[in-house]
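Participant: Residue numbers (UniProt numbering), protein chains in the order written: chain D, 1 to 361; chain L, 1 to 291; chain R, 1 to 256.
By construction, these hints were calculated from the structure, which means they are not laboratory data. In this text, a Cβ means the ideal position worked out from N, Cα and C, and glycines have one as well. Mixed in with the good hints there might be a few duds.
[As the list claims (entries may be wrong)] Stretch-level coverage of chain D by chain R, calculated; a stretch enters the list once three of its residues show a Cβ under 8 angstroms from a Cβ in chain R:
# : segment
1 : 190–197
2 : 208–216
3 : 236–242
[Stated by the list, open to error] Cβ-Cβ distance ranges computed for the label pairs, FRET-style:
# : chain 1 : residue 1 : chain 2 : residue 2 : range
4 : L       : N132      : D       : T295      : 40 to 48 angstroms
5 : D       : T295      : L       : K187      : 29 to 37 angstroms
6 : L       : M177      : D       : T295      : 38 to 46 angstroms
7 : D       : L320      : R       : W193      : 56 to 64 angstroms
8 : D       : L320      : L       : G183      : 24 to 32 angstroms
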Amino acid sequence: MRIHFKTSYEHDIRLFPDRWSFLVYALLIVVAVLLPWLIDDFFLGEVTNVLIWAIAGLGLMMLTGQTGQASLGHAAFLALGCYSCIIFMEQGLPFLIAFPAAGILTGIIGTIIAIPAIRLHGIYLAIATMALSILADDIIVLMEPITNGVSGKFAPVINIFGIEIERWGTPDRFYWLVLVVAIICTLIYRNILRSPLGRAFAAVRDSEVSATAMGIHISRTKAISFGISCAITGLAGALMGFFSGIVTNETFSIVISITLLMMIVIGGLGSIHGAFFGAVVVAFLPQFLSLAKETVIGGGVAIPGLETGVFGMILILFILFEPMGIYGRWMKIRIWFELFPFARKDMFKRQKSYLKTERLR
Amino acid sequence: MEVLQLLVSGLANGCVYGLIALGFVLIYKATEQVNFAQGDFMMLGAFITLGLTNAHYMGLPFWVAAPLAIAIMAVLGYLLDFFVLRHLFGQSQTAVVILTIALGFVIRFIAGLIWTHEPQTLESPLAIGDINVGGVVLGMADVAVIVVTVLMTFFLYQFFQRTKLGLAMQAASQNQMAAYFMGIPVKRVQGMIWGLSGAVAAVAGILFASKGAIDPNAGLLGIKAFAAAVIGGFGSLPGALMGGLIVGVIEPFASRYFPAGYSQIAPYTLLLFVLVFRPHGLFSQVRTKKV
Amino acid sequence: MSNLLEIKNATLKFGGVTAVNDLTFSVEEGEVYAIVGPNGAGKSTVFNLISRFYDPYAGSINFDGNNLLDRNADAVADLGIARTFQNIELFDHATVLQNLLVGRHRHRSTNLLQEALFTSKVRREEKRHREAVEEVIDFLDLQPYRDKMIAGLPYGVRKVVELGRALASGPRLLLLDEPASGLSVEETQDMRWWIDDIRKQMGITVLMVEHDMGLVSGVSDRVLALADGAKLAEGTPAQVQSDPAVIEAYLGAGAA
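For reference, chain D alone in the conformation it holds in the complex:
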């Protein structure tokens, strides 16, 4: 095990706990930047998809993992980010302004929606956001003059200082764009986590009474969390629009909301790694399943519901046997190797927990 000798407060505040992990992440980024030369365009597209899902996952993770508020409606904010970005660009704004503006707009609208919603506890919030996601689908259809309704909108070509970026024409440039956004979002996420706001989020998640007694304004904190979460999700939504090329009311259905929430649970709630791990599962599961189906029963046979069914099964197994998600499992394996051969079996035994109720009736 690497032992950290802390010699200054800087140690706890730093982005990376030690030089080793700094090197690991630096290497990871170098590989990520060089990726277009290492793999073909198809897989590059898949990796791009993973990164976009990971950004969306970070968005929801801020709300659910850090602040403890489950949202079943984040597809609505993906849609909002996507449509507003495309519309801004159609109005002639350059991508570099339209894209962040879409994120900020989504964040602001998210905060406004949050103000009544945050009074709701746990399950009620989940239902309210679920209703929002269902409504978003219909509202997109109703707002046809702006959104083109069911026929959908085409994503314009991105132009950054004369460099044209398009998902099919220049997949490598699009990939780099997404990578940059992913890195920026991760950094912002990490920064918030290590500052007072991040701790306030955790405080609200774990005990609202004592958070209040410590001077934390519960609804304001939740609203801020909602806002940041929606802003990041909006950015991911815009990227999703550029990735798929065309967006309709069905692109961001309630199923996407549910998938997103399941994704961060499978990845591991409350960790940045979790968002990325979960995104890998979501993005690669369909490919993997169709491959498996072809080898087992031959191609051409369609099994409706197979993807969601298997995805659901995986999720159930995770919640039952590894509630900390892939990240939790990964940590255990890492610690096991670091301690080898001294790891004990009961080291990872789950703490006994008690039902902590926020129920009022």
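Given chain D, put chains L and R in place with the hints provided.
Facilitator: The following block gives chains L and R in isolation, referenced to the frame of chain D:
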């Protein structure tokens, strides 16, 4: 007269929503868990009945198949609690929410494998055409649904008020700790509540399938029932039924009198209004947590 | 000495039950003031009134010239009032260090944008918070647990962490809700020394609710005995313990 027709078909739909919502609330009150798969339970109950009674499958008489299906669903509900949900004790509500949503996916997938995704109709004696009451044509199935729901509510009420098990369930859902000290086997009672709500879901499924064709995606109806439960108040059994009726009645009227496109958002808009202005539902009281 | 906290004619009713009945008392700056009484006497309710979790039905609560009733529950900490809870309310999925740092929340002066970018100002503030928290950690001997998750800590340690979190906020008035309940004899002894030091070295006024009369008479200057939400007796620990009304309330009429 058109109003009466809309009202009856709305009430019939509302009864199905209400019964599904009742299942949610039963479980929520007893265990603080929320079963997002309740709609899929309903669908599964319908398909099990269909599999037992339709000539194409096993061809049992309906009056044998229906109780059997209800019993099977009750056992499934109990086993689900025993093997899965009991082990989630102490985990966050979010975990349970997601788990039951995932469970819904799995149930839908399995139902699709067994009964295919083609819509099918249940060969039910309740589906016997229309009757004409003073110039108003009413679906017999709609009337039957309403009658069965009223009977069911009456029996459930009697069950909770008069039987030992019913009282134990009430006690366990009001104060687990106190019930435990009074010698009520809380865990087993919770399992039975899951069983009961499985049975209620099966009844809802049979009623729903008597009104028209079903396919594995019928479980998505659960979302509307969910809205109904919240509108009525998540903590109250009569509230759940009332919420179901409200949502059921709003729908046909909205699609008749609102422009197209606006009608399907009516229940959810109402839901959001209720959540904003009366977060705990129209029919429930609120107390605060003690520190 | 001046009065730091003044409660006048406070009354609180839950439905038909009067939890606090026309209660008046004041806590002087620099003293340790204890509230004792049988279960259900309304001791924790008094704390919840001060924390503004409950609204009094009548009466006034003043802290250092500020009307507490003008404030929301989350604005009480800003005045320098920190508290612990009877059934520990810590942030279970965070480390001890993070819990204590939440105590510093009222000293936060950076905004969202600065924190998202982690500017040098945030960095400076963070260092200052951590210095303050390290002092508390040293004071309460929490070093071995600094980076441990709360969820895995034994009860006694959690109790200390909760005290630490309250101290980290740099309060003027510390509300301790049954600081010794569930603690072993040794842990109670530690708690006694800490309360002594908190008052003497840090100059923090302490208001506590406690059942353990040994601890109460050991550390407190004045004691208030409550029964059924009303004042039964007030005075030095010895005076209150020998008060016939208190003896009767505790032991029942037959023993008096």
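Participant: Starting from the range 29 to 37 angstroms, see whether the pair D/T295 and L/K187 falls in it by beta-carbon distance.
Facilitator: Violated - the Cβ-Cβ distance for D/T295 and L/K187, about 44 angstroms, lies outside 29 to 37 angstroms.
Participant: Examine the segment 190–197 of chain D for residues whose CB is less than 8 angstroms from any CB of chain R, and state whether their number is three or more.
Facilitator: holds (count 6)
Participant: Look at the Cβ atoms of D/L320 and R/W193 and judge whether their distance stays inside 56 to 64 angstroms.
Facilitator: For D/L320 and R/W193 the Cβ distance comes to about 47 angstroms; the hint is violated.
Participant: Honestly, do L/M177 and D/T295 meet the 38 to 46 angstroms range at C-beta?
Facilitator: violated (53 angstroms)
Participant: Go check the segment 208–216 of chain D versus chain R for me, would you? Three or more residues, Cβ under 8 angstroms, otherwise it fails.
Facilitator: holds (count 8)
Participant: Taking the CB of L/N132 and the CB of D/T295, does the distance hold inside 40 to 48 angstroms?
Facilitator: violated (60 angstroms)
Participant: Taking 8 angstroms as the C-beta cutoff, is the stated coverage of the segment 236–242 of chain D by chain R satisfied by three or more residues?
Facilitator: Check failed, 0 qualifying residues.
Participant: Is it true that the C-beta distance of D/L320 to L/G183 lies inside 24 to 32 angstroms, as the hint says?
Facilitator: At roughly 30 angstroms between Cβ atoms, L/G183 and D/L320 fall inside 24 to 32 angstroms, so the hint holds.
Checked against the numbered hints given earlier, this structure breaks hints 3, 4, 5, 6 and 7; the rest are met.
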